[in-house]
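S.K.: Sequence:
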Amino acid sequence: MALYFLLLLPLLVQVTWSEYTPDWASLDARPLPPWYDQAKFGIFLHWGVFSVPSFGSEWFWWYWQGAKWPKYVKFMNDNYPPGFTYPDFASEFHAEFYNPESWAKLIANSGAKYVVLTSKHHEGFTLWGSNCSWNWNAMDVGPKRDLVGPLAAAVRKRGLHFGLYHSLFEWFNPLFHQDKATGFKTQTFVKQKTLPELYEIVLKYHPEVIWSDGDVAASSSYWNSKEFLAWLYNSSPVKDLMRTVSCGGNYLLNVGPTAEGWIVPSFQSVLQAVGTWLKVNGEAVYGSSPWRAQNDSTTPAIWYTTRGGAVYATVLAWPVNNIITLGSIVATTNTSVSRTHFYCEWPFCKSCCQNKGF
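Counted the way mature numbering (1 follows the signal peptide of the UniProt record, and there is no 0) counts, the sequence shown spans residues -18 to -1, 1 to 340.
Please note that a few of the clues may not be correct.
[Unchecked claim] Restraint-style ranges between C-beta atoms, simulated for each label pair: (1) Thr307 to Asn59: 54 to 62 Å; (2) Gly65 to Cys114: 22 to 30 Å; (3) Asn61 to Pro13: 47 to 55 Å; (4) Thr168 to Arg289: 49 to 57 Å; (5) Phe154 to Val252: 28 to 36 Å; (6) Pro301 to Trp259: 18 to 26 Å; (7) Glu1 to Thr280: 47 to 55 Å; (8) Gly38 to Cys114: 25 to 33 Å; (9) His159 to Glu74: 20 to 28 Å; (10) Val252 to Ala7: 36 to 44 Å.
[As the list claims (entries may be wrong)] Computed list of lysine-lysine pairs in DSSO-like fashion (alpha-carbon distance at most 27 Å, straight line): (11) Lys139 to Lys261; (12) Lys162 to Lys173; (13) Lys186 to Lys139; (14) Lys208 to Lys186; (15) Lys186 to Lys87; (16) Lys173 to Lys186; (17) Lys167 to Lys208; (18) Lys208 to Lys162; (19) Lys208 to Lys173; (20) Lys162 to Lys50; (21) Lys126 to Lys139; (22) Lys87 to Lys139.
Derived from the structure by calculation, the hints contain no laboratory data.
We treat Cβ as the ideally placed atom computed from N, Cα and C, and that holds for glycine.
Using the sequences and the hints given, assemble the complete structure.
M.R.: Below is the structure:
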């Protein structure tokens, strides 16, 4: 139902740079930023009015009143009075315990190198005081304050990169449906809502990552994607510009804060556990590249990365016979093996490596 694309932008001004024209050949020539290629791991924060019912997912409104899924309809009938609307949830989105410094500290301790926050999801509610979202933004209703800027400052203070998710379309916005009714021959919604908001968040928060998605029925020409990207790369304040690390990509771990602004203990424990693991095994992740084999030919649960002449084998599932077999490794007399604290600390590992000729 949705078309996804990721725009990556480093907050750096280079001495020389190319002028990009609004066509895909020119825009696709943009290189990946070095910091992003090395970061590998980030946190995706899904936060909005959907955090109030906290049922199902951020697609709550659509599943309830768009698709009318029975369990969502039942949830509302069982817990809210007749006539209760989705916008009524906004007044309960208080974020009274929101502490950007605490969030940033937790995220930094997880080993993540960047953060992406949902500045606006498909519900249309913006986490900043958007000039194009009257009475449906965090300044006018609910928290009554900007939720984006303080987090951007807090994560950057800890040396992390900051990015924003922004939905191109909105499920129930009348302007979008007017355009859709014309087969997207008109662009009222794009010109009055989507593009002004994108320009606004870029100029106001200077995000280093922008992630947008939209209705697959509308083409990139409807969204003015090429023109916006050309402006982004040529004239905006962020002139300079992803599956798994073993495949050459980055991993973005999703976290959903509560309507009150808490990151709940279950999410905290996951972030802390990932951070503990990365402190030991981070050299196999940060700054790594795909090896010639993404995962092992004999033991598929072993995934490979490489960096600085070393090959890292990460074991995701311990073998039932306690023997790790590496089918993709061709050892020679010059091959040496180093073992991390998380793996191969037991005697059988040594015998396994010796039997393989390591």
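S.K.: Now look at each hint and say whether the structure bears it out.
M.R.: We went through each hint and held it up to the structure:
As the Cβ distance of Thr307 to Asn59 is approximately 55 Å, the hint placing it in 54 to 62 Å holds. The given range of 22 to 30 Å is respected by Gly65 and Cys114, whose C-beta atoms sit roughly 28 Å from each other. At about 50 Å, the beta-carbon gap between Asn61 and Pro13 stays in the expected band of 47 to 55 Å. As the Cβ distance of Thr168 to Arg289 is approximately 51 Å, the hint placing it in 49 to 57 Å holds.
A hinted range of 28 to 36 Å holds for the C-beta pair Phe154 and Val252, which are about 33 Å apart. As the Cβ distance of Pro301 to Trp259 is approximately 19 Å, the hint placing it in 18 to 26 Å holds. Distance hint check for Glu1 and Thr280: the Cβ-Cβ separation is about 50 Å, which falls inside the suggested range of 47 to 55 Å. For the pair Gly38 and Cys114, the beta carbons lie near 28 Å from each other, so the given range of 25 to 33 Å is met.
Between His159 and Glu74 the C-beta distance comes to about 27 Å, which sits within the given range of 20 to 28 Å. For Val252 and Ala7, the hinted distance range of 36 to 44 Å is satisfied, since their beta carbons lie about 41 Å from each other. Pair hint Lys139 plus Lys261 holds up; C-alpha atoms about 20 Å apart against a cutoff of 27 Å. Restraint check for Lys162 and Lys173: the C-alpha separation of about 14 Å stays at or below 27 Å, so the hint holds.
Restraint check: the Cα-Cα separation between Lys186 and Lys139 comes to about 17 Å, which is no more than 27 Å; the hinted pair holds. Annotation: proposed proximity of Lys208 to Lys186 holds, straight-line Cα distance about 21 Å (limit 27 Å). For the given pair, Lys186 sits about 23 Å from Lys87 by alpha-carbon distance, which is consistent with the 27 Å threshold. For the suggested pair Lys173 and Lys186, the alpha carbons sit about 19 Å apart, so the restraint of at most 27 Å is met.
In summary, the hint linking Lys167 to Lys208 is supported, as the alpha carbons are separated by about 17 Å, within the 27 Å threshold. A hinted pair counts as satisfied when its Cα atoms are at most 27 Å apart, and Lys208 with Lys162 qualifies at roughly 20 Å. Straight-line distance between C-alpha atoms of Lys208 and Lys173 comes to about 14 Å, which keeps the hinted pair within the 27 Å bound. A hinted pair counts as satisfied when its Cα atoms are at most 27 Å apart, and Lys162 with Lys50 qualifies at roughly 21 Å.
Between Lys126 and Lys139, the direct Cα distance comes to roughly 24 Å. Compliance with the 27 Å bound is thereby established for this hinted pair. For the hint linking Lys87 to Lys139, the alpha-carbon distance of about 10 Å falls within 27 Å, and the restraint holds.
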